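Residue numbers (our numbering), protein chains in the order written: chain A, 169 to 273; chain B, 1007 to 1320; chain C, 11 to 250.
Hints may contain errors.
In silico contact screen, one side only, chain B against chain A (beta carbon under 7 Å); selected entries [said to hold, decoys possible]:
#1 Phe1069
#2 Glu1091
#3 Arg1093
#4 Phe1094
#5 Gly1157
Restricting the straight-line Cα-Cα distance to at most 25 Å, the calculated cross-link-like pairs of lysine-lysine (PhoX-like) are [stated by the list, open to error]:
#6 Lys165/C to Lys217/A
#7 Lys162/C to Lys1061/B
#8 Lys174/C to Lys227/C
#9 Lys64/C to Lys1061/B
#10 Lys217/A to Lys1061/B
It should be emphasised that the hints constitute simulated quantities derived from the structure, not laboratory data. Source: prediction; values computed, not measured. A virtual CB, placed ideally from N, CA and C, is assigned to each residue, including glycine.
Chain by chain, the residues:
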Amino acid sequence: MEDLSFQHRVRERADGTRRTAIIGVVASGNLEVLVERILPDAECQLEIKTAAVGFGEVWTAVIADFVERYSPGGLKFSINDGGARPDTVSLRLAQAVRLIEEDGQ
Amino acid sequence: MTAPIKHTVQLPAERARTTSFNEASARTRIELLLDAGSFVEFIGPAAREVSPHLKIFDIPEQFDDGIVVGRGRLDNSPVFIAAQEGRFMGGAFGEVHGAKLIGLLRAARELKSIPLLILFDTGGVRLQEANAGELAIAEIMRAVMEARTAGVKVIGLIGGRSGCYGGGGLIAGCCSALAVSEPGRIAVSGPEVIETNRGVEEFDSRDRALVWRTMGGKHRRLLGAADVFADDTVEGFRDAALELLGLVGTFDLDRLEAEQLRLADRLRNFGTCEDAVDIWTAEGIAHAEAIPELPADQFIALANKIGRTSRDAR
Amino acid sequence: MTLDEILASLFPDGHDVKNDGGVVFGSANLRSGGKSLVVGVANRTAVGVDEAIKLSSCVLDSLAQGSGPIFVLVDSDSQRMSKRDELLGLNEFLAHLAKSLIYADMNGRPTIGILYGHSAAGALLATGLATRVLVGVPGATPAVMDLPSMAKVTKLSIETLQEKAKSTAVFAPGLSNLSRMGAVQVTWNDEVSLADQLATLLTDIPDAHDRRDIHGKERGGRLKAAEIAERVRDLALHTH
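Please model the complete structure; the sequences and the hints are all you need to start from.
The following block contains the structure:
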């Protein structure tokens, strides 16, 4: 298992007022993303525990891409990864943001 | 900010009708089965109560340890609900996973009047935590019986991808009533385990039709090992749960003695049958070999006509 | 210890317990007076539908006519692994046996499991783990799953599993691990009269409250179970 950690400063805060959301399942080729609205508006943090060791650079690229596209300010993402492909990771991150920007708590 | 995504909003009831229970996640099953927006989770993923044992095996954890427990409303009445996530570690029982269900059962026992739905989706004990998992299952069985004795209706819903195997099958056998769908399976030993231990002549685990005839939802319904057959939709299981909640009575010695008779009768009537088709034929079903292909609504009608239920004898 | 040795040491005042193809049943005279029901599984027999229905029948008959504690002597294999048993709904037969024992225990007939041989998985759940108090006798070898099978499923070598088992009681077979987990209440001494040890247990028998998770925490085998269950129970009682 490998632990990875990323911090980014972003343009603007994520929409909405929901405080937490969860998406995905930990299984081979899949991952879960817990997202919490607990950071200052211009900050974003990602904590990853992954079963696939040695892919730090891939995560760096996927996350940089995601952060640029969605500007998830104020959000902390905690990820348990069962060895998902980069496109699955991107999908889950996008789903997580969509969920926490939904109406409701 | 996210680019606005246009998608048609489906009403929850419509989603429940069109969502496969089998393919849905544990969270989606709860979200669509209960009254919209009524669910409150206990020790959810933000609490990060993961298994303390998986890191020894270098296995990734899940924040909710593969089970979602909480309370909500079903047709406006309060219910407790627990749903296993069958895709995490095969939905298997570990220390934390099992403890979440036990706590819910103990609360139900004290409150007496709030029913409890268990959405099984499990291969049984989580081997990496075998002793803790086995013990959790034993404690759950005890807790189910104590809750039932206090008057709680404990309803099992079985239709997930991991089925209801191992100790999960024993917990199911302790429930007040069970609903099962076509994809659902209930057994103690899994097909591969039987084949490994006894050989392929005893049980060919790759013969899917055989697995489903022996352990699958339709057979369990016809055998009386489950009480209601549900269509594989979340709405189907919601309706089944409501039906069972309306039917289930109290647990007492009469019920236990009736179950002894029910099971002894089953052994006497079917104990020498080679295959499920022989059992179904013996139960008076013409063209029993066509059962697996029968669509859900026709099967439900047929099963109700045969009349074998475990009501008052479970 | 063999079944006969166990019975002789437990019930020096006599018993009529029979072993019928691995299914054990009969009555025993307690030192304190009165007869007790004895049921169980012997000779490492697998527990299938036939064994389970016979055992539950003995328990239920005894509820109607008997009194006193019920002893469950365990030397079994796992549940019977066969097409026939699963076809006939083995899960219900095993659950029914467990329910009969649990009902007895909740209704004035304390159940005492005595694990003297092997047991595993579904058979253990339906017998020893369905009792109020589970006693271990030295030489007993309970398991949830044997290491070779576990090695096959986890794709780790037996040596690797054995190595990991040194630092945790949570998965490997054995009486001492199950004791640390809170499953086995007490392990008796096989060089001293079992009847004496039984008398001690009976004078101080715990109530029908399931405290195995608390014992697991006290003994260091399960540090999370009791706390998590209590927190969920508390949240469930106070959330409206």
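Comparing the hints with the structure gives:
Interface hint at Phe1069/B: satisfied, since its Cβ lies 6 Å from the closest Cβ of chain A, which is below the 7 Å cut-off. Checking Glu1091/B against chain A: minimum C-beta separation of about 6 Å stays under 7 Å; hint holds. Interface hint status for Arg1093/B: upheld, as the beta-carbon distance to the closest one in chain A is roughly 5 Å, under 7 Å. Checking Phe1094/B against chain A by beta carbon gives a least distance of about 5 Å; that is within 7 Å, so the hint holds.
At a threshold of 7 Å, the smallest CB-CB gap from Gly1157/B to chain A is about 33 Å, leaving the interface hint violated. Of the supplied pair hints, the one linking Lys165/C and Lys217/A holds, its CA atoms being roughly 22 Å apart against a limit of 25 Å. For the suggested pair Lys162/C and Lys1061/B, the alpha carbons sit about 19 Å apart, so the restraint of at most 25 Å is met. With a C-alpha separation of about 20 Å, the suggested pair Lys174/C and Lys227/C falls inside the 25 Å cut-off, and the hint holds.
Distance hint between Lys64/C and Lys1061/B is unfulfilled; the C-alpha atoms sit about 43 Å from each other, more than 25 Å. Distance restraint check for Lys217/A and Lys1061/B: the Cα-Cα separation of roughly 11 Å lies within the 25 Å cut-off, and the hinted pair is therefore satisfied.
Figure legend: structure checked against the earlier numbered hints; hints not met, in rising order: 5 and 9.
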